[in-house]
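**Q** Sequence:
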Amino acid sequence: MKQTLRGVESLSLQQIMHEVYSKLSSIKHVVAVLSSKGGVGKSVIASSIAIYAAMHGKKVAIFDADMHGSSIPWLIGLRNAFAAISIDGIIKPVERDTIAVLSIELFLKEKNAPVVWRGPLKTRTILDFLSRTEWGERDLMVIDLPPGTGDEALTIAQTLKDRINGVVLVLTPGLMVSHVVTKAYEFLKMLNLPLLGTVLNMAYFKCPHCGNVYRVFGSQPQIPNEGPLIEIPLDPKLAEAVDSGQLYEFLKASESEGAQKLREMAHTILSRLGVWQ
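Numbered per full-length UniProt numbering, the sequence shown spans residues 1 to 277.
Note that these hints are calculated values from the structure, not bench results. All C-beta atoms in this analysis are idealised placements derived from N, C-alpha and C, irrespective of residue type, glycine included. Misleading hints may appear alongside valid ones.
Below, in silico cross-link-like pairs of lysine to aspartate or glutamate (EDC-like), each with a Cα-Cα straight-line distance of 16 angstroms or less [stated by the list, open to error]:
no.: 1; residue 1: K28; residue 2: E137
no.: 2; residue 1: K92; residue 2: E134
no.: 3; residue 1: K237; residue 2: E257
no.: 4; residue 1: K237; residue 2: E255
no.: 5; residue 1: K23; residue 2: D162
no.: 6; residue 1: K58; residue 2: E19
Restraint ranges, calculated between C-beta atoms of paired labels, are given here [stated by the list, open to error]:
no.: 7; residue 1: H209; residue 2: Q277; range: 35 to 43 angstroms
no.: 8; residue 1: N192; residue 2: H18; range: 15 to 23 angstroms
no.: 9; residue 1: S178; residue 2: P236; range: 26 to 34 angstroms
no.: 10; residue 1: S219; residue 2: G39; range: 15 to 23 angstroms
no.: 11; residue 1: Q260; residue 2: L108; range: 31 to 39 angstroms
no.: 12; residue 1: G57; residue 2: V216; range: 32 to 40 angstroms
no.: 13; residue 1: N212; residue 2: E134; range: 49 to 57 angstroms
no.: 14; residue 1: N80; residue 2: W276; range: 31 to 39 angstroms
no.: 15; residue 1: L191; residue 2: G38; range: 19 to 27 angstroms
no.: 16; residue 1: H267; residue 2: Y21; range: 36 to 44 angstroms
Model the full structure from these sequences, guided by the hints.
**A** Shown next, in the form of structure tokens:
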């Protein structure tokens, strides 16, 4: 792990920024996925966008910026994989088909070990990853931000403000969520980051027998009228796919309500991003 933290300590901010933008120069589109709180399924949404793009022939990168709650390798089916670092310090992401993944978890010998770091170390690691990872030519990068608007999200938003083409905000139902969501929107406005769409996850449950729709977790939170609002249902088959690390297979083959809505969501976001052009 220590080897991954040596890259940026001796560099000026200007040098770091140059290295970061150089490494991302062959990536056409960058989208960040943000949530105002944890437990809303943000990583599932981020992974679904990446998988859907790959299903349609796009070369994709996923940067898992959640240092404490990394789950992208699990969702993509790379839970036992490890990233490599070349002798000259270049980080090689782990690939599955046309998806390249980088996550702190890919450097942990013990996958269940917690990452107990303070803000400065997390910031340095993020900059280190961004400045040293060789992504190659990619049509799309998906950045899975940690919940909230803390160190990691702020570091990435400020560092990549000229490269992030849009943000997807993920939330769950309930009026209690409204005031937290407002903070996330203000965060985006403050940094002048465009909102591509808002995903309301676990929005409803559709009975497979009678077709009735139930709003299990309450009403839709109050959200600003900016970009589409996309609803994803509670789906037991989706939950099974997530638990087993088979989201990839689920999105490719399943015709369940959850799979269809996730594919529709990803298509909408990627269309607004301009990936299909």
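**Q** Which constraints among the numbered hints does this structure fail? Numbers only, ascending.
**A** 6 and 16
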